[in-house]
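Following the hints, put chain V in place on chain R, whose structure we already have.
First to last, the sequence lines map onto chains R and V. With my numbering, letter number 284 in the first sequence gets 284, and the count goes up by one each step, no holes. With my numbering, letter number 278 in the second sequence gets 278, and the count goes up by one each step, no holes.
Mixed in with the good hints there might be a few duds.
[Stated by the list, open to error] Restraint-style ranges between C-beta atoms, simulated for each label pair: (1) R:Asp98 / V:Asn47: 29 to 39 Å; (2) R:Gln32 / V:Ser204: 29 to 39 Å; (3) V:Gly111 / R:Gly202: 43 to 53 Å.
For the record, the hints were derived by calculation from the structure and aren't laboratory data. Positions of the beta carbon are idealized from the N, C-alpha and C atoms, including for glycine.
There are 2 protein chains.
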Amino acid sequence: MEKNLFNLKKYLSEKCQLVDCALDAYLPPATQYPEVIFEAMRYSVLNGGKRLRPILVLAACDAVGGCADVAMPTACSLEFIHAFSLIHDDLPAMDNDDLRRGKPTNHKVFGDAIAILAGDALFAFAFQTITGETRGVPAEVVVEVTRRIAAAAGTGGMVVGQVVDMISEGQAADAKIMEFMHAHKTGALIDIAVISGGLLGGGSDAQIDALSTYGKKIGLAFQIADDILDIEGDVDKLGKPIGSDVGKGKSTYPSLYGLAKSKELARRAVDDAVNALDMFDERADPLRAIAQFIVDRES
Amino acid sequence: MEKNLFNLKKYLSEKCQLVDCALDAYLPPATQYPEVIFEAMRYSVLNGGKRLRPILVLAACDAVGGCADVAMPTACSLEFIHAFSLIHDDLPAMDNDDLRRGKPTNHKVFGDAIAILAGDALFAFAFQTITGETRGVPAEVVVEVTRRIAAAAGTGGMVVGQVVDMISEGQAADAKIMEFMHAHKTGALIDIAVISGGLLGGGSDAQIDALSTYGKKIGLAFQIADDILDIEGDVDKLGKPIGSDVGKGKSTYPSLYGLAKSKELARRAVDDAVNALDMFDERADPLRAIAQFIVDRES
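The following block holds chain R by itself, in its conformation from the complex:
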């Protein structure tokens, strides 16, 4: 199997470093007036995250034979959008979380007003970065990628998923609502990561379709794995308390399907994701290995 021949750990570490450099370079310096907003933006982006979404953009661009450089601005944009969503989700008016990866959340450090604005600023900056920094790609493709990312972040995805999460709070949602919620809240951004990489790399319609299937399946696997980690994970590696979802009375895959069945569902989603990449050559090996990694990770 490819995953054994391919050194994923090395790949992820190298790409992560590239992405971290680019994020730092794109973000305005914290010395710019008014400093507090740029400090707050940098605090939540430059936090040692796994950079899963940016790496998926780059890996998908590679998979279709594109040059990953053209995808770096979009890769960073998705990390800005991810950071924006975490800042807003953590607010007292939303999930009211004090810790994120073991560090105080943005509003605990900068206050609620600046946290709201830092999220807004990162969201704007994401679109500024895609449209302002992308080179070597036809403008039509930049427009299409921007349109799809805006939809995936907003009313066609992430924001709508968070709304469903909010209105279902304290009550056990049924499987249909839970799946809608996850597919929108976390799935849409993972899906658009691989689609964007494919579009920027000049992928064919068939390749984009295959990448989209892959993206949906790993998004699903990611969420099931998250729910399992919430039960079986290691608190030090997770950076948040175990059982926090269960404690909030939220529906999870294990609460609806049981632990054994959930693990089987995750495994099947990974297989489906890998199978969707059949038409690709070895340049899709990173994507194949990432699918595996998503259910094997510890945080």
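This is chain V only, laid out in the frame that chain R set:
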């Protein structure tokens, strides 16, 4: 003078109606699941606003000889961004306002969490609308307009202005900080409205420069007029209490320069705006009349 020959009231009313129809048509229906977010988005957009920013986009497009149809998606996008900024500014963590145009603010109706998300959704939807609905314009221009709007809404404008407003709260800012704040908080979006219209209409570099000068000057006039209305306005027409800025200890043009001098500054800004349009023919008459209107308005 042109403003006497041109029926601005009729022009504004006709354009306002066109914009209202387009806003309604672009926004997802409130019957879509999860309904509450679409209701909240529609509540704050379809509120009988003056539609100043969209009308400026259309008028600037007309002024350079473009077909205003190509600018309608961008015109609506700026109204979505304006509505997003008002929802977030009104939040308890920010200005904590209960009323907006005499109606309960978004979070008073839908709660803080949905209000934050409705703002986020409108911001995303703005970029989705520009990139997804613009027709008959080269993709390069759509990319450039999107980039400039993202900058004007975020770290190059509106959000940064709100940050300065927040961190200056309860203290009288000096003239330099107050001017920075206004130029970013409200000026940037007005400026980008006319620039966008000019770019979408195919304006030359010289025309875009002239429109930008016009935009900066009317933005300034708009703010000074706002500060004067806060002292001399009619509470019923304004839809908010008189003296609210003064009551919060905020610096205003009248507090720094006195009322008479402020009126003179507003008048001079309007003159500068109109003079900046010297190179344009009668197709810029709406812009000329709007400059006048901005200081003569009652709300």
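Hint check:
For the hinted restraint 29 to 39 Å between R:Asp98 and V:Asn47, the CB-CB distance of approximately 36 Å keeps it satisfied. Separated by about 32 Å at the C-beta atoms, R:Gln32 and V:Ser204 satisfy the suggested range of 29 to 39 Å. Between V:Gly111 and R:Gly202 the Cβ separation comes to about 45 Å, which falls inside the hinted range of 43 to 53 Å.
Going through the hint list in order, the structure satisfies each hint without exception.
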